[in-house]
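*Asks:* Protein chains in written order, with our numbering: chain B, 2 to 106; chain W, 8 to 226.
Wrong hints could be hidden among the right ones.
Covered by chain W, per the in silico footprint, the following chain B stretches (three or more residues, Cβ under 8 Å) [claimed, not checked]:
#, segment
1, 17-29
2, 32-46
3, 67-78
4, 87-99
Honestly, the hints are just simulated from the structure, not real lab data.
Where a beta carbon is used, it is the ideal one built from N, C-alpha and C, also for glycine.
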Amino acid sequence: MSYPIASSLLDGIVLAVVERESTYGYRITQDVQKVLEISESTLYPVLRRLQKDGCLTTYDEAFAGRNRRYYKITEHGRAQLRQHRIDWQNYRNGIDAIFFGGDSQ
Amino acid sequence: MNRTEYMAALRRALSALPEEERASALRYYEEYFDDAGPENEQKVIADLGAPEKVAEQILADYRELTAVPPSSEGAAPQPKKRRWRGISPLLLVVLVLLALPMGIPLAGVLIGLIASVFGVLLAVVLVVLAFVVLVPLGLLAAGVILCGFSFTIWSIPASAVLTLGCGLALFALGILVSLLMIKLCILFVPPLFRLFIAILRWPFDKLRGRTRKNGGDAQ
Chain B
2 MSYPIASSLL
12 DGIVLAVVER
22 ESTYGYRITQ
32 DVQKVLEISE
42 STLYPVLRRL
52 QKDGCLTTYD
62 EAFAGRNRRY
72 YKITEHGRAQ
82 LRQHRIDWQN
92 YRNGIDAIFF
102 GGDSQ
Chain W
8 MNRTEYMAAL
18 RRALSALPEE
28 ERASALRYYE
38 EYFDDAGPEN
48 EQKVIADLGA
58 PEKVAEQILA
68 DYRELTAVPP
78 SSEGAAPQPK
88 KRRWRGISPL
98 LLVVLVLLAL
108 PMGIPLAGVL
118 IGLIASVFGV
128 LLAVVLVVLA
138 FVVLVPLGLL
148 AAGVILCGFS
158 FTIWSIPASA
168 VLTLGCGLAL
178 FALGILVSLL
188 MIKLCILFVP
198 PLFRLFIAIL
208 RWPFDKLRGR
218 TRKNGGDAQ
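Given the sequences, and given the hints that come with them, work out the whole structure.
*Replies:* Structure follows, in structure tokens:
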């Protein structure tokens, strides 16, 4: 069973993936697909939006005779990610409390 | 469909985007093919789905991103409009204070005029009322007095009869005039009253008519 993924959650996930290490589109898609059922075409708009919002920047690095575009988290992106983590914790605690009883809080 | 055809279709589907946005998206998917490797070309095409679908996602997100500037542009003319909407409360207070030295005497003159008009009207009404009430009453009273007086002069029967006759005639005339006055009142008081009301209402009707006209213009 899979749950529909809110775009804000996807933003947080992408920020978390990029925060671990600067990485490129294909890798990000592969990483996210390990835990979420997302289409291959889902992430480009997310990456573009995060870039426009100033959460991510890009830089090009030579790889196998071509330039590969890497995504790098910005300070603003880190702040956003901190907020995403807090929001997720609250959300998860609320769901856990209902699913497993109040002891998870 | 191979990679080249796929990318060409994607380029066509993204033609609505500004050049920079389109180039960025196309570069992303070119790299996606590169990173997936030539051996996975068909898998990537299958996974990505129809280029039109991919383009639709990008276009939808772009529209969402650019939906903000038009609303902020739309908000910009509003303060300009607000500037012309009317006099600010502060300016209004200052204007009222400045107008007071002239406004108080003017108001006094106006109130005096209205009061004098009312005074004249009241006087006219009182005179008419006096005429209407006092003339018949006077005639009736005169008739009664003459009749009474006639009883004191029965020593001269001719004079007494003449006086009694005059008294009775005056009394009768008093009754007639009374009836006439009542008739006149019935005839003239309601229209006069209506006229009076109409005169009083005239300035207010004028005012209301003007505001209604203004309301019509504003709509």
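*Asks:* To test your reading of the hints: which numbers does this structure violate?
*Replies:* 4
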